[in-house]
Amino acid sequence: MMIEALIAVALLGALVTFVAPNRIAGKLAFAISLVPAAISLWLFTAFDGSGNALLDGELAFESQTAWLEIGDYSVSWFVGLDGISLPLVVLTTILCTLAIVSSWTPIDERESQFYGLVLFIEANLIGVFAALDFFVWFIFWEAVLIPMYLLIGIWGGPRRKYAAIKFFVYTNVASLVMFGSFIALVFGLGDSVTSFALPEIATAMVNGGPEGLFGLGGTALASVVFVGMFLGFAVKVPVVPFHTWLPDAHVEAPTPASILLAGVLLKMGTYALLRFNFTMFPDQVELYAVPIAAIAVISVIYGAMLALAQTDLKRIVAYSSVSSMGYVILGLVASTQFGVGGATFQMISHGLISGLMFMAVGVIYNATHTRMVTDMSGMADRMPIAVGILIAGAFGYMGLPLMSGFAAEYFIFFGSFGSELLAYSALFTSVAMFGIVIVAGYLLFALQRTVFGPYSLETDYDVGRAPVHDVASMVVLLGLIIALGVAPDLIFDMITDAIDPIIGGER
Amino acid sequence: MTVDVQYYVLLSMAVFCIGLFGVLTRRNALLFLMSVELMLNAANINLIAFSFYHGNLTGQLFALFTMALAAAEVAVGLGIILVLYRNFRDVDVTVPTTMRW
Amino acid sequence: MAGLATDPFGFAPAIAVFPLVAFVVALLFGEHLPKKGALPGIIATAGSLAISLVMFVAVGGGKTHHATLYEWTNGAAQSATGVETIAFSFGILIDPLSALMLVIVSLVALLVHVFSLGYMNAEGETGLPRYYAELGLFTFSMLAFVFADNLLMAFMFFELVGLCSYLLIGFWFRTKSAPSAAKKAFLVTRFGDYFFLIGVVAIAATFGTVGFAGEESFVTAAETAIDNEATLFGFDAQTWVTITGLLVLGGVLGKSAQFPFHTWLPDAMEGPTTVSALIHAATMVAAGVYLVARMFGYYALSPTALAIIAFVGGFTALFAATMGVVKDDVKQVLAYSTISQYGYMMLGLGVGGYVAGVFHLMNHAFFKALLFLGAGAVIILMHHEQDMWEMGGLKDKAPVTYYTFLAGALALAGIVPFSGFWSKDEVLFDALIVGLEQPVILAAYAMGLIAVFFTGVYTFRMVFLTFHGEPRSETAEDPHPVGWAVKAPLIVLGVLAALTGLVNMAPVAHVLGVDITFLEFWLDGEYGAVEGLTYHEYSETVAFGESYVGSETVTMLLSAGLSLGLALAGAFTAHTLYNVPEPDRHMTKLGGAYGLLRRNYYQDEYQVWLAEGLTLPLARAADRFDQTVIDGVVNGTSTISLFGSDRLKRIQTGIVTNYAALLVGGFIGLLLVLGYIGGWFA
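Protein chains in written order, with UniProt numbering: chain A, 1 to 507; chain B, 1 to 101; chain C, 1 to 682.
For reference, chain A alone in the conformation it holds in the complex:
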């Protein structure tokens, strides 16, 4: 019942915060969000699962209750965690707490609604990572969009409406494609499944695959569904060429929303890819490995090139997320222990690092009211600690050893270089690795122009030291980043344990 408790605390907290006075909403939401964070950390220590949740693994904190009967299919409230989802849940609760803290300074209107929505999004995100029934999962999946749409649309920048609608419609259309594909798959599986429980469907897929539907044969249907679902999740991840909603959303979103968007919402896409496409369709993964790897490499290089051309700090980080997510796809398609494990590790690592980067950029923005690289110079002079952390975060992004980014990227590169499933794996990996040079290029170039050099600022705001609470939350993130970089086995062991059934067998 612990997962229900997590979700319930966040949901009730959202309600309470929603009606609380604006004055205390921030502190109240922070206090409430500490509860899920504490529970999830307790879950982390008490984790006793093993194997993959979808492939006959031992689930931790499992809970299943029959809910509905739809035709021949039963729907149940089915949640549980394995080594893949647990770290993501912990990431979610921690980032939500920190996002709330980092909202204290910039959010100064409709506070109770803002913090209520953040807690609401937290509940749904936990649901996405914990749900093991397709219907329950899909409800959470869609419900995440609404609060994020409102966060961008109400508290966003000047073009917030455009960005919010683009975000909502784009990802929602993608969800439609994915939903249609998955339902077609469930019907295609015929009598071998009687519920929407993901483990049952995954087992049916691995044990034979669909019989066919609408005149399509089983293999053809599986391929169509695989492609449809890949496209659906590809928007969410996002991979090139479905990435254009991301920079707009990031630029317009308020800092805390950016933290959640980059830190957790993008991981929904990769998590779903791992859970659905790369777990349920081993044959199709093999079939489409080369084009997927090509998309991954293009995302890495093209995303990094785009970041190089930007002058808005948030756009830089946004495009670099596209690049980083490309690594995740590359690791997934490699289908090796280090490849898939590294991809999962990268989800966590990128969540922490991009969260830190957005936080640091937000702190600078709060003080200067500009994010334009060209508008400022020498910020290190005025905000030494915040800038120091920004530099540390930037190096984390570049994959500096002993920080989590390096561990993730190294695992992915090592896993994909020798992949037997992926043809030309060494070539793909080598090209993708060039991303580490470009990322250093654009981040250092941006740092050189903004935080170094003689102090100057185009806007007439008074720049003082960063607030203590912002610095504290950034230090927490930096600590986690370094901890995972020095000791990746904190989570890598449980990840690989859950990965092994996916890549098991002769592959």
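Honestly, the hints are just simulated from the structure, not real lab data. Source: prediction; values computed, not measured. For glycine and all other residues, C-beta sits at the position ideal for the given N, C-alpha and C. Hints may contain errors.
[What the hints assert, rightly or not] Chain B side only, calculated, beta carbon under 8 Å to chain C, not exhaustive: (1) Val23; (2) Val74; (3) Arg100.
Got chain A; can you put chains B and C on it based on the hints?
Okay, now just chains B and C, sitting in the frame of chain A:
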């Protein structure tokens, strides 16, 4: 003596067509409302006629429902017409088009 | 492992941990400490030096140490050679090479810390806690790199060294130039490290291990693969070893500033001079060459890779030396000399002269640290003036600085009996005997030999312009005094620069027939070594033939005579031109060549063009493409739907009558259609 059911149907058809004609041609909201009432009552005639024909009371029951509904509808409709008049100084249904898009 | 009390190697991790602690202390409490954080750094590096010396003595006593400290992670290897699992760990390997290097690094780091008291603290710099924290982190990274027992750990600390050099080069971040130079240093070396990382990944994925030493090492695995004539990643094992070796070499070329990645190093002079001393002598730049020495067994398997190393080394030695001749800034001259000297080390290692390369690495560490710290002293004397044409005549006003600097210069130029002579001569001798068999190496040797002359010229040009003649500016007439913190490190290094050559006087040993080549014995495991990591095992693996002019002794003397003669000729040229009261700018008379050299052969220009003229416009074009085409399609979809619905909504007129008509029409239409299907009209 009993009247054959086809005459009832003919009557109902005639009333319905009068109502339809009114809906399509009248611009006065009151006449419009009355035309709608005619169409409803045409349906009622049918219900009762066939109920009698089949010796089944369900149709009459539904006719009662329809009448209750019609009464409610008239109340709402007249309310709308009053508001219409208050806002536009007219009860012409072609005038208030501002709410279309 | 026995208890700490009985086993000296139990203390080994502390060598790196001390500076790490100093980093943390200086970072957190530096502002409140006396000397702004210098003391923790000095204590820590002194501690590291002490333990390093204990290690050195222990290795001399025949012991070595190889242990895994901590397992980073492990997992399935999928290696091409069939190894099933792989563990990535942090471990310590203390053998003659690393013990020697640990002493060098910690000694130079200690002296740099002490010198900083005079150079930074006395000058009233701000941001000193940051400075000392970064120095501590730098020392930590380098020491951990030196005792790394596997390639991945080496790579990780190699990168951290790069980070620290970035931070320290950009120490004066309020200027425009320092951040730019720092960025350039990091980016250029990162470009090299890109290849290095591919190499690490490739080696790990091929052999399923990244260890340097022992049965489990990738060197052993590569030997086995070559013996089995295995096919790896579509290549035969020999070719694959060459490819991976060259990939790793990318990182080496970047960090050791070899052609074409040398451009960052002269710019890196933007950092404080103390940092330059540390970077050039013992840490960043040394890391590259040290890595080649560390995994020399791997390169020894591939004659092609070795020949490339040698050729690049020889070429860089000459290339950089020519540029050093025309520089006016004392630090710039030293920067180019560093590039050139590391070229010699690469040449030495590339021809299989493992001892010669390491010997030169050691000597260079001392005399280059000396020269940089000397230059730092000169800069203090001159109130932060670095142009040599503003100096002159400092000889009498600062005798300690002069004589120690002179010792360094003699060592750099390779004048007998100063240290540089012995090691440079050995490098050239090794190159010559291999070169007589291999034309490529002979070319590399020739370039190295010519570079000796230029080294003599620029070194003594620098000495004469700085210290001799008449003072050419007011500050030179009345220099700022320097304190003990400046003089003490200079004296220590001066003595070392003069004497360290004596540990391996190969020509003397040959002529007199006495066993005084101590460094060779040291590296050859006479005292203690890890199996497989000794000079003669490397020599057995290296596939180069050797031949002599006459006998070995004759060749040796010939080589020594040639290099000494050229060095003296260079020094004499400089003496003639510049050791006069009012020297002229003779180099400007070189005409076109002068311009070419002043512009550094346009190497910077093309690399800046690659970044700013090619990559940046490409990025902007990609951005435009993204905004117009890709986002255009997305927005176009929305525009089309909006346009379509705008047309469609016009049927909603707002007139109830129209709706009723549509309703009726639709109903009738539906009726007709259903009727048609139902067969009414048949």
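To see whether the hints hold, each was checked on the structure:
1. Val23: 5 Å, holds
2. Val74: Because about 16 Å separates Val74(B) from the closest Cβ in chain C, which is outside the 8 Å limit, the hint is violated.
3. Arg100: 3 Å, holds
Of the numbered hints stated above, the single one contradicted by the structure is hint 2.
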